[in-house]
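Participant: In case you want the letters, here they are:
Protein chains: 2
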Amino acid sequence: MGLDEVARKPHERLMAWLAADMEAVNVMIRDRMASEHAPRIPQVTAHLVEAGGKRLRPLLTLAAARLCGYDGPFHIHLAATVEFIHTATLLHDDVVDESRQRRGRPTANLLWDNKSSVLVGDYLFARSFQLMTETGSMRVMEILSNASATIAEGEVLQLTAAQDLATTEAIYLQVVRGKTAALFSAATEVGGVIAGADAAQVRALYTYGDALGIAFQIADDLLDYGGSSATIGKNVGDDFRERKLTLPVIKAVAHATPEERAFWERTIAKGHQAEGDLEQALAIMARHGAMEAARADALAWADTARHALEALPDHPIRGMLSELAAYVVSRIS
Amino acid sequence: MGLDEVARKPHERLMAWLAADMEAVNVMIRDRMASEHAPRIPQVTAHLVEAGGKRLRPLLTLAAARLCGYDGPFHIHLAATVEFIHTATLLHDDVVDESRQRRGRPTANLLWDNKSSVLVGDYLFARSFQLMTETGSMRVMEILSNASATIAEGEVLQLTAAQDLATTEAIYLQVVRGKTAALFSAATEVGGVIAGADAAQVRALYTYGDALGIAFQIADDLLDYGGSSATIGKNVGDDFRERKLTLPVIKAVAHATPEERAFWERTIAKGHQAEGDLEQALAIMARHGAMEAARADALAWADTARHALEALPDHPIRGMLSELAAYVVSRIS
Numbered sequence: 010m011g012l013d014e015v016a017r018k019p020h021e022r023l024m025a026w027l028a029a030d031m032e033a034v035n036v037m038i039r040d041r042m043a044s045e046h047a048p049r050i051p052q053v054t055a056h057l058v059e060a061g062g063k064r065l066r067p068l069l070t071l072a073a074a075r076l077c078g079y080d081g082p083f084h085i086h087l088a089a090t091v092e093f094i095h096t097a098t099l100l101h102d103d104v105v106d107e108s109r110q111r112r113g114r115p116t117a118n119l120l121w122d123n124k125s126s127v128l129v130g131d132y133l134f135a136r137s138f139q140l141m142t143e144t145g146s147m148r149v150m151e152i153l154s155n156a157s158a159t160i161a162e163g164e165v166l167q168l169t170a171a172q173d174l175a176t177t178e179a180i181y182l183q184v185v186r187g188k189t190a191a192l193f194s195a196a197t198e199v200g201g202v203i204a205g206a207d208a209a210q211v212r213a214l215y216t217y218g219d220a221l222g223i224a225f226q227i228a229d230d231l232l233d234y235g236g237s238s239a240t241i242g243k244n245v246g247d248d249f250r251e252r253k254l255t256l257p258v259i260k261a262v263a264h265a266t267p268e269e270r271a272f273w274e275r276t277i278a279k280g281h282q283a284e285g286d287l288e289q290a291l292a293i294m295a296r297h298g299a300m301e302a303a304r305a306d307a308l309a310w311a312d313t314a315r316h317a318l319e320a321l322p323d324h325p326i327r328g329m330l331s332e333l334a335a336y337v338v339s340r341i342s
Numbered sequence: 010m011g012l013d014e015v016a017r018k019p020h021e022r023l024m025a026w027l028a029a030d031m032e033a034v035n036v037m038i039r040d041r042m043a044s045e046h047a048p049r050i051p052q053v054t055a056h057l058v059e060a061g062g063k064r065l066r067p068l069l070t071l072a073a074a075r076l077c078g079y080d081g082p083f084h085i086h087l088a089a090t091v092e093f094i095h096t097a098t099l100l101h102d103d104v105v106d107e108s109r110q111r112r113g114r115p116t117a118n119l120l121w122d123n124k125s126s127v128l129v130g131d132y133l134f135a136r137s138f139q140l141m142t143e144t145g146s147m148r149v150m151e152i153l154s155n156a157s158a159t160i161a162e163g164e165v166l167q168l169t170a171a172q173d174l175a176t177t178e179a180i181y182l183q184v185v186r187g188k189t190a191a192l193f194s195a196a197t198e199v200g201g202v203i204a205g206a207d208a209a210q211v212r213a214l215y216t217y218g219d220a221l222g223i224a225f226q227i228a229d230d231l232l233d234y235g236g237s238s239a240t241i242g243k244n245v246g247d248d249f250r251e252r253k254l255t256l257p258v259i260k261a262v263a264h265a266t267p268e269e270r271a272f273w274e275r276t277i278a279k280g281h282q283a284e285g286d287l288e289q290a291l292a293i294m295a296r297h298g299a300m301e302a303a304r305a306d307a308l309a310w311a312d313t314a315r316h317a318l319e320a321l322p323d324h325p326i327r328g329m330l331s332e333l334a335a336y337v338v339s340r341i342s
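Line order of the protein sequences matches chains A and X.
Convert by adding 9 to the 1-based position in the first sequence; the result is the number in the working numbering.
Convert by adding 9 to the 1-based position in the second sequence; the result is the number in the working numbering.
Any given hint might turn out to be false.
Pairs count within a copy or across copies, as identical chains cannot be separated in the list.
Stated by the list, open to error - In silico lysine to any residue, SDA-like type, Cα no more than 25 Å apart, as pairs:
(1) K253 / P48
(2) K253 / Q52
(3) K253 / H46
Hints listed in this document are in silico derivations from the structure and should not be mistaken for laboratory results.
None of these values were measured; they are calculated from a predicted model.
Put together the whole structure using the sequences plus the hints.
Facilitator: Here is the structure:
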């Protein structure tokens with residue numbers, strides 16, 4: 010391994026290792042997102058797909074399948090499937106969150122309209138479903154339909170829990186599974202299933218994806234209170250302004266003094282925010298070590314992910330997946 | 010058959026014939042629309058499900074399966090599946106159309122918000138997908154995933170074609186297949202597939218559902234220009250005010266004089282509508298026999314549906330399906 014290799018981030022090395030597979034996935038995505046009849050569909054989708062993103066979910070499927078020795082054609086379908094599901098949820102999320110920016114570009118709901126985002130999301134969801142059907146694996150269909158239900162359920166839960174100070178860490182975890190971890194774990198699990206891995210290996214792949222997704226999301230929550238727009242593609246304090254009960258806030262609320270409680274009531278529950286409130290929120294969280302506690306949780310989840318890999322074959326991909334788990338929390342270490 | 014039986018509408022007689030099956034479908038719908046974690050989900054769904062609706066799509070699945078001699082358990086899953094897909098599309102449609110009323114009640118997007126409608130629709134779509142997976146039939150998955158893609162594609166097409174006077178009858182047909190006929194034909198087709206019907210019978214069931222759906226939708230378009238709010242659950246002229254290019258308008262535009270063309274440009278393409286425009290639209294359509302021509306199309310599609318049934322077993326259900334095809338156009342005869 011040359012110096013260049015060492016310097017690369019783990020997902021970039023995974024991407025390089027799986028470059029031929031990923032190219033096949035990209036071809037399939039372009040092919041299947043087309044619509045003979047409705048040109049609006051590829052316009053909206055291309056806007057998102059071309060904006061790039063890390064393609065982390067399809068990469069996880071490809072990695073899991075190859076790690077388990079798969080050499081058939083269907084890991085490509087499954088990787089494209091998870092990217093379609095992901096893109097569909099992004100389109101719907103942007104409508105629900107009234108977002109204006111995604112991956113550093115204006116969102117589809119801003120460029121076109123909410124209607125297009127809703128319907129093109131539905132189209133991609135249906136397409137993902139067609140793609141996975143082609144694999145002929147019932148177990149794959151079960152995993153991905155369960156993940157889809159968990160995603161939607163988590164999103165609804167987030168909607169209703171969003172401004173509710175009674176939100177517990179258990180509810181937070183459920184929301185995070187819906188938002189991120191359910192698709193991560195489905196992505197790795199179906200890779201193992203299509204490769205015919207044994208039950209213990211499939212279970213390990215599920216655990217890896219689940220824990221990686223949770224670590225990733227907690228890190229994202231932390232960065233929202235401390236990252237820069239360039240790093241995370243959004244502005245510091247967005248979650249606070251959108252009154253989201255992310256993990257650091259939940260931890261701070263749990264230890265709040267009466268005055269602090271009144272502050273969270275006003276800014277999050279009622280949404281009456283004023284100049285300087287973000288700074289005050291940061292100060293309160295610092296007082297209770299809320300950021301440090303959330304950071305410790307993220308590191309523990311990353312460890313869980315790395316330990317799960319021990320059940321899987323000794324393979325260069327396994328090493329890169331392990332480094333990936335370390336990497337998602339390195340942003341906050 | 011007593012006088013009461015004769016007086017009933019065909020779908021009511023089908024419903025009575027299949028009452029035990031339909032009760033099982035209702036139980037399954039209530040069971041599967043629940044969410045342990047997100048109470049907003051059953052609230053939104055119950056609002057729609059309890060409002061009733063005709064349950065026409067699940068009825069078609071049950072009828073097709075029983076007509077082909079099925080006596081297993083999975084027609085119940087499939088009937089619940091098509092109702093979930095239908096309900097999911099209604100929730101998303103109401104967001105896209107900014108509707109305020111559905112089945113004579115305020116829409117979910119009005120009672121809660123667009124966010125809930127989008128996400129609960131996604132949840133029901135995922136649930137439908139879990140349900141059909143339980144049947145273990147790959148062919149069923151293909152049919153329903155293809156139908157889902159056609160539905161979404163048709164909706165996007167409707168969105169972009171909505172105010173475009175260049176919309177042809179061919180595009181209209183594609184939109185109608187997405188809006189209505191794709192789920193009708195999938196509903197009947199999967200009933201035959203699960204029953205193990207032969208290819209010719211499955212094809213006939215597809216054709217019946219497709220033609221019935223098209224006849225139904227054209228009739229709906231006609232009623233929008235001539236029905237009463239009590240009959241159709243919406244107000245006369247809604248489509249005109251929403252600038253929808255439905256079949257009578259497309260036919261009138263095709264024969265428009267220059268002045269008429271200017272009228273359609275102003276009212277539909279540009280959306281500048283004034284007092285008396287609806288009456289003028291009706292007068293122009295009458296001048297070109299547009300309503301009569303659309304009515305003739307609907308009758309021809311109903312005939313296609315009835316003829317398709319000839320390939321199916323001689324059975325009381327077949328008679329009721331035939332009468333149902335006649336009934337959907339009787340509202341406009």
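Participant: State for each hint whether it applies.
Facilitator: Evaluated hints:
For a Cα distance limit of 25 Å, the shortest separation of K253 from P48 across copies, 19 Å, qualifies, whereas the shortest one inside one copy, 36 Å, does not. In this assembly of identical chains, K253 and Q52 lie within 25 Å of each other by CA distance solely across copies; the values are 23 Å between and 31 Å within a copy. Taking the shortest Cα distances, K253 and H46 sit within 25 Å of each other only across copies (18 Å), while inside one copy they are farther apart (39 Å).
Violated hints are absent here; each numbered hint is respected by the structure.
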